[in-house]
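Participant: These are the residues of each chain, in order.
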Amino acid sequence: QKEVEQNSGPLSVPEGAIASLNCTYSDRGSQSFFWYRQYSGKSPELIMFIYSNGDKEDGRFTAQLNKASQYVSLLIRDSQPSDSATYLCAVNIMGGSYIPTFGRGTSLIVHP
Amino acid sequence: GAVVSQHPSWVICKSGTSVKIECRSLDFQATTMFWYRQFPKQSLMLMATSNEGSKATYEQGVEKDKFLINHASLTLSTLTVTSAHPEDSSFYICSARDRGRSPGLGEQYFGPGTRLTVT
Numbered sequence: 001q002k003e004v005e006q007n008s009g010p011l012s013v014p015e016g017a018i019a020s021l022n023c024t025y026s027d028r029g030s031q032s033f034f035w036y037r038q039y040s041g042k043s044p045e046l047i048m049f050i051y052s053n054g055d056k057e058d059g060r061f062t063a064q065l066n067k068a069s070q071y072v073s074l075l076i077r078d079s080q081p082s083d084s085a086t087y088l089c090a091v092n093i094m095g096g097s098y099i100p101t102f103g104r105g106t107s108l109i110v111h112p
Numbered sequence: 001g002a003v004v005s006q007h008p009s010w011v012i013c014k015s016g017t018s019v020k021i022e023c024r025s026l027d028f029q030a031t032t033m034f035w036y037r038q039f040p041k042q043s044l045m046l047m048a049t050s051n052e053g054s055k056a057t058y059e060q061g062v063e064k065d066k067f068l069i070n071h072a073s074l075t076l077s078t079l080t081v082t083s084a085h086p087e088d089s090s091f092y093i094c095s096a097r098d099r100g101r102s103p104g105l106g107e108q109y110f111g112p113g114t115r116l117t118v119t
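Same order as they appear, the protein sequences are chains A and B. Okay, so the first sequence: first residue is 1 according to my numbering, each after it adds one. Okay, so the second sequence: first residue is 1 according to my numbering, each after it adds one.
To be clear, the hints were calculated from the coordinates, so they are not data collected in a lab. C-beta: ideal position from N, C-alpha, C; glycine also. Treat each hint with caution, since some may be false.
[As the list claims (entries may be wrong)] Straight-line C-alpha distance at most 27 Å; calculated DSS-like pairs for lysine-lysine:
{"#": "1", "chain 1": "B", "residue 1": "K20", "chain 2": "B", "residue 2": "K41"}
{"#": "2", "chain 1": "A", "residue 1": "K42", "chain 2": "B", "residue 2": "K66"}
{"#": "3", "chain 1": "B", "residue 1": "K14", "chain 2": "B", "residue 2": "K41"}
{"#": "4", "chain 1": "B", "residue 1": "K14", "chain 2": "A", "residue 2": "K67"}
{"#": "5", "chain 1": "B", "residue 1": "K66", "chain 2": "B", "residue 2": "K55"}
{"#": "6", "chain 1": "B", "residue 1": "K20", "chain 2": "B", "residue 2": "K55"}
{"#": "7", "chain 1": "B", "residue 1": "K64", "chain 2": "A", "residue 2": "K42"}
{"#": "8", "chain 1": "A", "residue 1": "K67", "chain 2": "B", "residue 2": "K64"}
{"#": "9", "chain 1": "A", "residue 1": "K56", "chain 2": "A", "residue 2": "K67"}
{"#": "10", "chain 1": "B", "residue 1": "K66", "chain 2": "B", "residue 2": "K20"}
{"#": "11", "chain 1": "A", "residue 1": "K42", "chain 2": "B", "residue 2": "K20"}
{"#": "12", "chain 1": "B", "residue 1": "K14", "chain 2": "B", "residue 2": "K66"}
{"#": "13", "chain 1": "B", "residue 1": "K14", "chain 2": "B", "residue 2": "K64"}
{"#": "14", "chain 1": "B", "residue 1": "K64", "chain 2": "B", "residue 2": "K20"}
{"#": "15", "chain 1": "B", "residue 1": "K41", "chain 2": "B", "residue 2": "K66"}
[Claimed, not checked] Residues from chain A that keep clear of chain B, each with C-beta distances beyond 10 Å, as calculated:
{"#": "16", "residue": "S43"}
{"#": "17", "residue": "E45"}
{"#": "18", "residue": "D58"}
{"#": "19", "residue": "F61"}
{"#": "20", "residue": "N66"}
{"#": "21", "residue": "A68"}
{"#": "22", "residue": "D83"}
{"#": "23", "residue": "S84"}
{"#": "24", "residue": "L88"}
{"#": "25", "residue": "F102"}
{"#": "26", "residue": "G105"}
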């Protein structure tokens, strides 16, 4: 059973702080990892993807991947109230039909 | 780039009628499209995977005769909810995978979703 685990939250951080969102996965064959943001009542929006161990930065967002420990994280620097949303982690594995497995999402609240 | 559209954005229908939802990739070719359903405050639930030119693969528990999927071209997939009932009321979201990328690495791009209400 391929599983992707996320803490449902909510994670509450003050404006300007760093928000840290974590995701663990069970399948060691996982190859690509994605973070999506979903506002209430809207569909998910791709924020970042990462394939290699280490960090990948894009603006205020940094994705971190550690395949040995089977976790991927998303850091949001200088958090803004507009970042308040549910963040979904998704994992693709090699082989099979490459259907991504989604976590249940972490709710982030950035308060002024 | 990587825009996916869905139509309609919302629909209200009477119990027993059928509803068709269209999903289009506007600026890329999508070999694979996915259909999800999401109930309020719940996570995404994958319903089926649609590959262009072949039959859709349905997830366990999803009735293929009730949720008809047609992936007619590299840019269009449709989901028809047949004989809809109030319990089918949900947020239906499609996503498309970019054909230009390796399938194991290709990210999905989501449509804006269709909110279905069955009365």
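Participant: Each of the hints needs a verdict: does it hold here or not?
Facilitator: Evaluated hints:
{"no.": "1", "hint": "K20/B to K41/B", "in the structure": "holds (24 Å)"}
{"no.": "2", "hint": "K42/A to K66/B", "in the structure": "holds (25 Å)"}
{"no.": "3", "hint": "K14/B to K41/B", "in the structure": "holds (24 Å)"}
{"no.": "4", "hint": "K14/B to K67/A", "in the structure": "violated (49 Å)"}
{"no.": "5", "hint": "K66/B to K55/B", "in the structure": "holds (15 Å)"}
{"no.": "6", "hint": "K20/B to K55/B", "in the structure": "holds (17 Å)"}
{"no.": "7", "hint": "K64/B to K42/A", "in the structure": "holds (26 Å)"}
{"no.": "8", "hint": "K67/A to K64/B", "in the structure": "violated (37 Å)"}
{"no.": "9", "hint": "K56/A to K67/A", "in the structure": "holds (14 Å)"}
{"no.": "10", "hint": "K66/B to K20/B", "in the structure": "holds (12 Å)"}
{"no.": "11", "hint": "K42/A to K20/B", "in the structure": "holds (20 Å)"}
{"no.": "12", "hint": "K14/B to K66/B", "in the structure": "holds (16 Å)"}
{"no.": "13", "hint": "K14/B to K64/B", "in the structure": "holds (21 Å)"}
{"no.": "14", "hint": "K64/B to K20/B", "in the structure": "holds (14 Å)"}
{"no.": "15", "hint": "K41/B to K66/B", "in the structure": "holds (24 Å)"}
{"no.": "16", "hint": "S43", "in the structure": "violated (4 Å)"}
{"no.": "17", "hint": "E45", "in the structure": "violated (7 Å)"}
{"no.": "18", "hint": "D58", "in the structure": "holds (13 Å)"}
{"no.": "19", "hint": "F61", "in the structure": "holds (15 Å)"}
{"no.": "20", "hint": "N66", "in the structure": "holds (18 Å)"}
{"no.": "21", "hint": "A68", "in the structure": "holds (20 Å)"}
{"no.": "22", "hint": "D83", "in the structure": "holds (18 Å)"}
{"no.": "23", "hint": "S84", "in the structure": "holds (15 Å)"}
{"no.": "24", "hint": "L88", "in the structure": "violated (7 Å)"}
{"no.": "25", "hint": "F102", "in the structure": "violated (5 Å)"}
{"no.": "26", "hint": "G105", "in the structure": "violated (6 Å)"}
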